[in-house]
Every structure is written in structure tokens, then in C-alpha cells.
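Novice: Sequence order for the protein chains is A and B.
Residue 255 in our numbering sits at position 254 of the first sequence, with consecutive numbering throughout.
Residue 642 in our numbering sits at position 299 of the second sequence, with consecutive numbering throughout.
No lab work stands behind these hints, which were simulated from the structure alone.
Keep in mind it's a predicted model, so treat the numbers as computed, not measured.
Be aware that one or more of the hints could be misleading.
[To be verified] Here are some chain B residues pointing at chain A (derived, C-beta under 10 angstroms): (1) Glu-357; (2) Leu-365; (3) His-395; (4) Thr-442; (5) Arg-576.
[Unchecked claim] Quick partial rundown of chain A residues pointing at chain B, CB under 10 angstroms, derived from the structure: (6) Thr-45; (7) Pro-81; (8) Lys-88; (9) Met-138.
[What the hints assert, rightly or not] Mimicking PhoX-like on lysine-lysine, the simulated pairs with C-alpha atoms at most 20 angstroms apart in a straight line are: (10) B:Lys-476 to B:Lys-403; (11) A:Lys-130 to B:Lys-435; (12) A:Lys-91 to B:Lys-588; (13) B:Lys-362 to B:Lys-435; (14) A:Lys-19 to B:Lys-767; (15) A:Lys-198 to A:Lys-218; (16) A:Lys-136 to A:Lys-221; (17) A:Lys-88 to B:Lys-482; (18) A:Lys-173 to A:Lys-136; (19) B:Lys-770 to A:Lys-19; (20) A:Lys-130 to A:Lys-88; (21) A:Lys-173 to A:Lys-198; (22) B:Lys-588 to B:Lys-770; (23) A:Lys-111 to A:Lys-130; (24) A:Lys-298 to A:Lys-268.
The beta-carbon is built from N, C-alpha and C at its ideal position, and this holds for glycine as well.
For reference, the chains in residue letters:
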Amino acid sequence: MSSILDLKEVSKSYDEFKAVDGLSITIPQGSVFGLLGPNGAGKTSSIRMMIGITVPDSGEVSLFGEGFRREHLSQVGYLPEERGLYKRMKIGEVLILFARLKGVSEAEAKRRCKLWLERLELEKWTNSKVEELSKGMQQKVQFIAAILHDPEFLILDEPFSGLDPENSMELKNILLEQKKAGKTILFSTHRMDTVEKLCDSICLVNQGRSVLQGDLKKIKSGYGRSSIQMEYEGAVDFLTDTSLIQSSNNYGNYVEMKMQPGVDAQKLLARAMQTAQIRRFELVEPSLEQIFIDTVKASKVVANHA
Amino acid sequence: MHNTWLIIQREYLERVRSKAFLIFTILVPALMFGLIILPSKLMMMKSAGTHHVVVVSADKDLAQRVVSEITAEKKKEDRTSARSEDQLIAPKYTATVETDLSDSTRAQLNQRIDSDGLDGYLWLTPDVGSTRKVTYYTKNSSDFFETETMRAAVRVALTRSALANSGVKDDEVRDLLKPVSIDTLRVEKGKVSKSGGMLAFLLPMMLMMMIYMTVIIYGVAVMRSVIEEKTSRVMEVLLSSVTAKELMAGKILGVGAVGLTQMLIWVGTGAILGSGVVAAAREMMKDVHLPLAIMVAFPVFFVLGYLLYSSMYAALGAMVNSDEEAQQMQWPVVMPLIACAVFASAVIRQPASPLAFWLSLFPLTSPIIMFVRICVQVPPAWQIALSVGLLVGTIYGMVWLCSRIYRVGILMYGKRPTLPEILKWIKYA
Chain A
2 MSSILDLKEV SKSYDEFKAV DGLSITIPQG SVFGLLGPNG AGKTSSIRMM
52 IGITVPDSGE VSLFGEGFRR EHLSQVGYLP EERGLYKRMK IGEVLILFAR
102 LKGVSEAEAK RRCKLWLERL ELEKWTNSKV EELSKGMQQK VQFIAAILHD
152 PEFLILDEPF SGLDPENSME LKNILLEQKK AGKTILFSTH RMDTVEKLCD
202 SICLVNQGRS VLQGDLKKIK SGYGRSSIQM EYEGAVDFLT DTSLIQSSNN
252 YGNYVEMKMQ PGVDAQKLLA RAMQTAQIRR FELVEPSLEQ IFIDTVKASK
302 VVANHA
Chain B
344 MHNTWLIIQR EYLERVRSKA FLIFTILVPA LMFGLIILPS KLMMMKSAGT
394 HHVVVVSADK DLAQRVVSEI TAEKKKEDRT SARSEDQLIA PKYTATVETD
444 LSDSTRAQLN QRIDSDGLDG YLWLTPDVGS TRKVTYYTKN SSDFFETETM
494 RAAVRVALTR SALANSGVKD DEVRDLLKPV SIDTLRVEKG KVSKSGGMLA
544 FLLPMMLMMM IYMTVIIYGV AVMRSVIEEK TSRVMEVLLS SVTAKELMAG
594 KILGVGAVGL TQMLIWVGTG AILGSGVVAA AREMMKDVHL PLAIMVAFPV
644 FFVLGYLLYS SMYAALGAMV NSDEEAQQMQ WPVVMPLIAC AVFASAVIRQ
694 PASPLAFWLS LFPLTSPIIM FVRICVQVPP AWQIALSVGL LVGTIYGMVW
744 LCSRIYRVGI LMYGKRPTLP EILKWIKYA
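Bound conformation, chain A alone (with noise of 0.2 angstroms):
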């Protein structure tokens, strides 16, 4: 499977602060790839470089398998996370516009955007300004805006921040039909539960660097099924207990914990039943926010201790 993007030990700083340190990723064709990291972990500033808004101090950029050129910008659709369009244009101008600037006939770009604005609904709105369209509407328009000229490689950043579940579903659909088309997506988020049902893979980024980064499937199954999702009710201090638990993600009757090495997991539901009545006990693979988290503190710790 050849490879749509590729950065390699791409750097980038403004000023003194390194937003980008030394980032390597590889998307291979097809598939659905994760961005993952903390807000202000450099997760725009590499999606900027891989587009050529910006150019990386060091490191190489390669879109479809060559070194960077504009042309195959044509291929590429992006949505930014700080949504933009001009507030005082038609949406159905706004849309043939975007279109046009990634070389798609006027034609064309007018029969696109007609399916697309119906099949989000957004038909009757066609004629209206931008400015006059709800904050939910604005986005199915930009995501509309990203997807016109059927791009190859698409790059999303927080698509889902803002839509209703409805609007969600949708747009999970509509990913999914890409991604059986043959399209590679590409999520920047902060937001793990929406990646995890979708993604191939995933790289996380903390401070500029990548901290995890590979098969979703085999880094989850690396972690090995020690940790423990509980729902419960009473209280639960034994969290706090080192020597049994590591990490917990409390949620008032949910909770998601992971042992120390070598706890027994029956052990711990005894402890855990003494002070609580448990609904559910779950050995599981750790979801990934929970490893997110994990990572992000182990990663904090390195560089406190660097």
C-alpha cells in the first residue's frame, strides 16, 4: 500500500516556542488516520505544513508519494478547526468558489453542491448568506466546502466539535462511504471516543513531538486487558490506593481504572465491594482516552524530569 502523506522529522518553531519537534507520520493509502494530542500539542501547526500554508523549518513533507508540490493540493480537502467562510456570500456562491480555487469546472462545482446541500439539507438555504445560518448549519456548509471537489486525501480538524448527534451520524456516514471509496481521512482531535470507532491508526502528539503512534488495534492490544471499567454506586476511596490502581478516570457511577501490574482482578473487586454496590465489572483493553491520558502524564513526567 503506498503512502498518501508522509513527514519526516518535520520542525517548526515561531519565536522561541518549538510547535512542531522532529514529527514523522506515515498515512498509507486507504486509510483512516488519527491526529490525536492536547490542545496546543501541534497538531494545526503539522496539518499547515502538510498543505503548505506554512513551510516546516526542517524535515520533509511528501504528499501522494512525492515531495510537496501545489498541484496536489487539488486532491486535497481540509477543514480547519476555526471554521471560516465569507459571512456575507451566498452559501451556494460560497461553495462553487471553494470548489473553483481547487480547479473544479463552475459546472460541475453547481451540480456538486446541489447534492451535497441536499443531502445535508440544506437546499432551501442555498440562497441565503452565510451569516444568516445557524453555528451547526455553518459547519455542514465548511464540511461541504472540504468535501466538493471529491479529494483523495481528506484532513479534518475537530469535525465533529458543534453537531448535533443527527448531524454526527451523518457525517460518520458519509466518512465512511470515503473511506470504502478508497478516500484517506485524516482526524485531528482532542476528542478520543469519536476517533476510536473509526481510525487505523493514530499518532499522538504531545509538546510538538510524537509520543504513540501506530495500529490502533495492536497498541490497545499492547496494553494488554488490565484495565477495568466499573458502574457502581457508593463510594469508592480504594481509587486512591497505589498499591492496587495506577490510574482512574472517575465519572461520579462510572469508572474507568487500571491496575498495578500484577493485581488480581478478583481481589479488587472484593475491596471494591465493601464500600459499593457494583452493576458491572469489566476486564477490558483500555479505551483510548485512557491510554491518551496515560501517555500524556508519562510524557509529562519525561520532561519535567529532562
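Fit chain B to the supplied structure of chain A, relying on the hints for placement.
Specialist: Here is chain B on its own, set in the frame of chain A:
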């Protein structure tokens, strides 16, 4: 190229279709029409009226002379002033003589001003020949044209009676006091051409103001459009398809095309009005001749000036985050333009002075000042060539510089950059 063209189209259509464009395009000529044509029409209407004044003097002979001066129909060739608007508003006068200089006369005249439609009276004391001071009592003391008429009438009457008293014959006196008329002719390359005095000053001034205003208005439009793309974050979407250079070029050319369109509309309207549809406009434009040099220089210097300033405004827009911030940082860009407006009248009066020479070479002022010089007195060809050469070179450098600031600035949010930071942006590859 394709992308730049699309950006030009967008910028152009969005503006030309907007209501603001329509309003501005109609309003400016309407205002001009209103400010120039209407008052003169109104004044002509007013001039149909007749003013009645009384001349009070113990010297009946002198009083008669003053009366005949005041009531004399001023013929065109007798104009003592070059200002045509004086003539438009000068009313007809009737005057009578009163020889009794007592307080009761004065009280009576004051009352007539209040109630009997008397417009004013001249009070000539017996020693007026030596003091040369008179008093004009009137309803409307701010009508300085009327005051001037009275003053001139008394002066001429005093001269006439003095000359008559020393034995000069009446027809000799008339010849002596005939005003001298002066024709100002413009000599250029050995050719003599007619050029209306005041209009020769007003026309370059007006054309200069047109360049000045459109450069500022459309320069600011470029800046605001950059700020809008920045704050609405369209920038990032655009930059995933076009380069910063294409974007800046498209914006400057698109907005510039709007400016040219507007000017064409104005000039076209002006040409139609001037061609005789409106008689008043024809009367005004009669003495105006537009040499080919001005017709060529106007679009050339507008385009060059606009390119220079709009690229600066684009860079300025990229540096800031809001219109308010831009207002505060505008002054380095606006200063040279304001200097042009301030020095323009001095340059029109003395187009060959060292001040005019240097301002017309300095690239930040040359688009306006060199144009003004060409309007008034075409400078030597080498000066024009040098001025345009320097300007084009500066535009080239400025566009290069500004596009670098622009490229970095459009992705910078948050605090306003300091000068060292901007210098770093420029160096930044």
C-alpha cells in the same frame, strides 16, 4: 493565475453588487452637483431681487455720484474681480439721497430698515474726503459682497469729485477710472493656450482630491477585507488552495477594479453632464481644457498610487486583529497622503519650486504631487520619467516587502506585533 482571477472576481462582484457601492456611486456626484450647481442656481434666483439703499451726505453732489456708482449696471468687461460668483449674487440697486445728517434722520432710517423694506443706508460725514471713512448701516451685515460694493462706490465717487474739483473733464475722468482687464494665458512648448484663472487652480485640485480620496477609500477597503478574512478565519481555508501571494494580488486587483469602475461611472456621468445636457455645467466647464497629458496622467498615477498604498494597507491589515487596532496603526500610511493634500495648493501655485520638485520625486508623495505638477505645468520629461521610475521601483519593493509581512501576518492572531517582530517576519523565509 486561475486562482488570482477567481479571487479578483469574488472581490469585485461582492463590492459592485453591494448597496454601499451603489449609494456611494450615486451620492458623490449628487453631492458634487448639489454643492456646485444648486447654490449658484439659487444665487442667480436671488439676484433677481432689488436692494434699496439711502445715501446720507451733506454734500449733495458727492451723494449723487455715490448713488450713480451704486446703481450703475456692471457690465461684464467692467468686472473688477475675477470671481464669477460675485456677479451671480450681486443684486440690482436703487438708491436715493438724503442730505440731513441729524439724529432724527438716523432714527427715521433705522425704522425704515425695520419696517419699510429699506436694505441699508450709507452715512457720509462731511470730513469723509480726508478721513476716507464711511459707515454702512444694514439689515444684513454679513453680506460682504454688498459691503464691498458700497466701499467701492464711495471710493470711486470721492475720486471722481476730487478730479472734477481740480478741473478734469468728466469724460476724461471716465477713461481714467476704467478698470484694467487682464487675460492669463498659458504658454507651453511655445504654444499659447487659454486657461481660466480660478478653474486652472480648481481643476488640478479636484482631480488631485479624486486620486487622494479613492486611494484612501480603496486602500482601506483592501485592509478591511484582509482583516475580515482574518477574523472570520476564511484565510485558512483559502490558503489550503491558493498562495498568500495569489490572495494578496487578487484582493488588490479586485478592489482596484472596483475603484476604476466607480471612476469610470463618475467620469462618464461628468462627460454627459459636461457635454451640454446641463447648461450650468457647460458654463462652468467652458474655460476648462483637459490636455492629453492630464488624461493620460490621471489613470496612470491613480493606478500607481493605488498599487503602492493598497499593498501597504494589505500588510497593515495582516498585522492587526481588528478594525480598531488598524485605526491606531494607520498613521504611518496616511501621513504622506495627508502631506500631499496639505502641500498641493503650494505646488499648484509654484509647480517648479524645490518643494514641488522633491515631493514629486519622493515615491510616497509622487503619485499625487507629480500628477498635480503635470496638471499645472508639464515638468521636463526626465523628471516625469525619474518620478515614475522611482515609483515603479518602490511599488515593486513595497509589494515584495508587504507580501512577506502579509504571508506571516495573516496566520498570526492575538497580540499586535512589535516592530522587531515585523522585521523578523520579513526576514523569515
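Novice: So, for every hint listed, does it hold in this structure?
Specialist: Verification of the supplied hints:
no.	hint	result
1	Glu-357	holds, 7 angstroms
2	Leu-365	violated, 15 angstroms
3	His-395	violated, 62 angstroms
4	Thr-442	violated, 78 angstroms
5	Arg-576	holds, 3 angstroms
6	Thr-45	holds, 9 angstroms
7	Pro-81	holds, 4 angstroms
8	Lys-88	holds, 6 angstroms
9	Met-138	violated, 16 angstroms
10	B:Lys-476 to B:Lys-403	holds, 17 angstroms
11	A:Lys-130 to B:Lys-435	violated, 62 angstroms
12	A:Lys-91 to B:Lys-588	violated, 26 angstroms
13	B:Lys-362 to B:Lys-435	violated, 47 angstroms
14	A:Lys-19 to B:Lys-767	holds, 16 angstroms
15	A:Lys-198 to A:Lys-218	holds, 11 angstroms
16	A:Lys-136 to A:Lys-221	violated, 36 angstroms
17	A:Lys-88 to B:Lys-482	violated, 60 angstroms
18	A:Lys-173 to A:Lys-136	holds, 19 angstroms
19	B:Lys-770 to A:Lys-19	holds, 18 angstroms
20	A:Lys-130 to A:Lys-88	holds, 7 angstroms
21	A:Lys-173 to A:Lys-198	holds, 10 angstroms
22	B:Lys-588 to B:Lys-770	holds, 16 angstroms
23	A:Lys-111 to A:Lys-130	holds, 17 angstroms
24	A:Lys-298 to A:Lys-268	violated, 27 angstroms
Checked against the numbered hints above, the structure violates hints 2, 3, 4, 9, 11, 12, 13, 16, 17, 24; every other hint is satisfied.
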